[in-house]
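Protein chains: 4
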Amino acid sequence: MSRKKPPNLIDFAHFWQANTRWDDNDIYGHLNNTVHYKLFDSAVNIFLLDHNLLDFRNGESVYLVVETGCSYFAELAYPDELAVGLRIIRLGTSSVTYETGLFKEGETQAAAAGHFVHVLVDKASRKPVPIDEVSRAAFQRIMA
Amino acid sequence: MSRKKPPNLIDFAHFWQANTRWDDNDIYGHLNNTVHYKLFDSAVNIFLLDHNLLDFRNGESVYLVVETGCSYFAELAYPDELAVGLRIIRLGTSSVTYETGLFKEGETQAAAAGHFVHVLVDKASRKPVPIDEVSRAAFQRIMA
Amino acid sequence: MSRKKPPNLIDFAHFWQANTRWDDNDIYGHLNNTVHYKLFDSAVNIFLLDHNLLDFRNGESVYLVVETGCSYFAELAYPDELAVGLRIIRLGTSSVTYETGLFKEGETQAAAAGHFVHVLVDKASRKPVPIDEVSRAAFQRIMA
Amino acid sequence: MSRKKPPNLIDFAHFWQANTRWDDNDIYGHLNNTVHYKLFDSAVNIFLLDHNLLDFRNGESVYLVVETGCSYFAELAYPDELAVGLRIIRLGTSSVTYETGLFKEGETQAAAAGHFVHVLVDKASRKPVPIDEVSRAAFQRIMA
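Chains as they are written, first to last, in this note's numbering: chain A, 1 to 144; chain B, 1 to 144; chain C, 1 to 144; chain D, 1 to 144.
Derived from the structure by calculation, the hints contain no laboratory data. What you were told as hints is all true, and nothing was included just to trick you.
No copy is singled out in the list; a pair is fine if it fits within one copy or between any two copies.
Here are the simulated PhoX-like cross-link-like pairs (lysine-lysine), alpha carbons at most 25 Å apart as the crow flies:
id, residue 1, residue 2
1, K4, K127
2, K5, K127
3, K4, K104
4, K104, K5
Let the sequences and hints guide you as you build the complete structure.
Below you can see the structure in the form of structure tokens.
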């Protein structure tokens, strides 16, 4: 499909396993193109939650999405079991750019790959705030 | 929430484990009421697929939903890990009525419970067709 | 499909027009059964917002869903234009029970019909609170 | 949010009006980033359907998504009424690249903008097939 080169499992530093749902399949019998973004969003936030980098209910700052993209290499479909791969390719003052990959269980070549840019903002004012050193250290462990 | 009595894990005969997604949480910080139905739909169809009772791409007959319902007892939220419980409470000539329960991992009392009615129809004409004996036997193994 | 009798346009007291989306169609080429609930939820909340009965961001009390149900009479599909019909069939101290209908534009017989029960709760404690008189008056205008 | 420059209404050649749904708002009280893609997908396919360029049920060829992307400039939220703007920025042998914009009703600066690449494929083999002259003429009318 996409002419870009699909990444490989070993290109990613962190994984999240996801299952698929009946309503993920659209009329063409495959995962609708928007489902990939739902899984990328979920995997990135699980990473943040598991490392105590986000308290989306009561925290003063939250990560908002400012840019995303995805290339589709192969069709996926419910009831496939999937893995989302993550690595960070850029860490700015307030922003984190993830590279994301979506894999069918047992396959090493990504069925889709994308990027996902978060900016840390003050929850009330929505103004960017600097990422602290503890978070930076956690992010650096999954940098490319 | 609902005044009905929540069912228990032991009331169900078959289970499917499901994860949740970031966009499942609505503005109230809990799983939107429609997500429960997505999971019930997915669990029922996985049961059918795992028992070779459905070929949704190439089969001549498919199961269509004619009635659903859900009572909500407790809030669930991403990133909860969940289990969907199933049992069949009525098996008609062409219809199957499932009782469904949604459990937070590790809990024995359902956070939500519903019913889900499938009718087997000819894929082209959408007319009901009788459920065959092999399918009936598989369904009977999870009857209440 | 469902053996219940589909309601008619004239059975409803309030309408909301909705469009459909590509990903609403599942692999059977029709609106997945969960989409109907998304539209019922949206129509009920738009009614509340339009009548100043809900401030879901800053209000002290919000309406949570405790029970829903739907019967499916006819298939709908993207790109159909739809109308959701509402009427209230029960108004309790803290609860509102809506009857809901989903119509294809230009048709008078519902393609699906359901019920939808809201309970007004304190946003922080999630305990039921009584519906005030101004709200009751607004609800009574669309009672069956 | 995104540092890119948001496009303007007058940059687009075709529009589709869309409403929003309760479950489009995520826990941050705004349209989840995946909803924008649902609307782009819906607007592009409505354009194809309205111009008889697609028969997604019975046609021998269909348009599959191979690449998408979106930049987010301003928050949108249910119950906003929206407009999706489209224009084509590249027309290949089998591929169509759309530029997409998402506008809050009444505003001239896009709240989000993206790109969306379709490839025409044979429905059975999934191999690219050339876009015919009638389709090319229709596409050229909304080219940048």
